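Based on the sequences and whatever the hints tell you, model everything.
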Amino acid sequence: MSDRKAALEMALKQIEKQFGKGSIMRMGEQTETKISTVPSGSLALDAALGVGGYPRGRIIEIYGPESSGKTTVALHAIAEVQAAGGQAAFIDAEHGVSCF
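Last residue of the sequence shown: number 99 in numbering that gives the first Met the number 0, and the count goes up by one each step with no gaps.
No wet-lab data here; the hints were simulated from the structure. Every value quoted in this text rests on a predicted model; they were computed, and no experiment measured them. For glycine and all other residues, C-beta sits at the position ideal for the given N, C-alpha and C. Accuracy of the hints is not assured; some may be wrong.
Cβ-Cβ distance ranges computed for the label pairs, FRET-style [as the list claims (entries may be wrong)]:
#	residue 1	residue 2	range
1	F89	M26	36 to 42 angstroms
2	S22	S66	36 to 42 angstroms
3	K16	A46	33 to 39 angstroms
4	A46	T71	15 to 21 angstroms
5	V96	G27	43 to 49 angstroms
6	L11	R55	22 to 28 angstroms
7	A10	E93	37 to 43 angstroms
Taking lysine-lysine and the DSSO-like style, the derived pairs with C-alpha atoms no more than 30 angstroms apart in a straight line are [claimed, not checked]:
#	residue 1	residue 2
8	K33	K20
9	K4	K20
10	K16	K4
11	K33	K16
12	K12	K33
13	K33	K69
This is the structure:
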């Protein structure tokens with residue numbers, strides 16, 4: 000094995016050790032990583048997300064033009080997480096949700 004290839008393998012192993020398995024993906028390599036998800040409540044959105052819902056334990060950012068349904072989608076996501084016994088936070092950066 001050449002020095003260059005050995006150095007690359009060593010670097011890849013170090014990255015996986017530090018950041019976990021699956022943090023490095025090689026082009027052309029088929030990897031089937033099962034991701035735990037929470038359903039969005041919409042079959043079309045679950046299909047569009049590619050993993051069947053919102054990936055559990057990740058930060059999700061929902062963005063788009065005003066009046067496009069961002070708050071509705073976010074609150075439905077929170078309801079699904081809470082229904083499954085989890086916790087979720089809603090950060091209203093647009094100050095659009097009224098508590099009264």
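Evaluated hints:
Distance hint check for F89 and M26: the Cβ-Cβ separation is about 37 angstroms, which falls inside the suggested range of 36 to 42 angstroms. For the pair S22 and S66, the beta carbons lie near 38 angstroms from each other, so the given range of 36 to 42 angstroms is met. A hinted range of 33 to 39 angstroms holds for the C-beta pair K16 and A46, which are about 35 angstroms apart. With their beta carbons about 19 angstroms apart, A46 and T71 fall inside the hinted range of 15 to 21 angstroms.
In this structure the hint that V96 and G27 lie 43 to 49 angstroms apart at CB holds, the actual value being about 45 angstroms. One distance hint, 22 to 28 angstroms for the beta-carbon pair L11 and R55, holds here, with the actual separation near 27 angstroms. Restraint check, A10 to E93: a C-beta distance of roughly 42 angstroms satisfies the suggested window 37 to 43 angstroms. Taken as a hint, the K33 and K20 pair is honoured in the structure, with Cα atoms around 12 angstroms apart against an allowance of 30 angstroms.
As the CA atoms of K4 and K20 are separated by approximately 20 angstroms, the hinted pair is consistent with the 30 angstroms bound. Of the pairs offered as hints, the one joining K16 and K4 holds, with about 18 angstroms between alpha carbons and a cut-off of 30 angstroms not exceeded. With a C-alpha separation of about 20 angstroms, the suggested pairing of K33 with K16 holds against the 30 angstroms cut-off. Of the supplied pair hints, the one linking K12 and K33 holds, its CA atoms being roughly 21 angstroms apart against a limit of 30 angstroms.
Of the supplied pair hints, the one linking K33 and K69 holds, its CA atoms being roughly 27 angstroms apart against a limit of 30 angstroms.
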